[in-house]
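> Sequence:
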Amino acid sequence: MTSKNNKTGAVKVTKYTVKVDKTKPTVGELVINGTKGNNGWYTSDVTFSVKNGSDSMSGHSKTTSSITSITKDTTGTHIQV
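Residue numbers (numbering that gives the first Met the number 0): 0 to 80.
Just so you know, nobody snuck in bad clues.
Taking lysine-lysine and the BS3-like style, the derived pairs with C-alpha atoms no more than 25 Å apart in a straight line are:
(1) Lys23 with Lys50
(2) Lys21 with Lys50
(3) Lys61 with Lys50
(4) Lys18 with Lys61
(5) Lys50 with Lys35
(6) Lys61 with Lys23
(7) Lys21 with Lys61
By construction, these hints were calculated from the structure, which means they are not laboratory data.
Please model the entire structure based on the sequences and the hints provided.
Below, the structure is given as structure tokens:
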């Protein structure tokens, strides 16, 4: 709220409404597709995708992903990604 006093002594009051979104957004999710073998290892080609997050109240800008490290098994045939 602000108030201003002009030369005649009149006061003008301005009110502002602030809405607070207390609902947490849904975060994006990494989805891994492939055939799992023993101990969590994949026995087929693997694809990655990212499901976008959401926020129905204040809006969700974007979900991004970045792969910084890939571990490979040196047994058998492998490719460098």
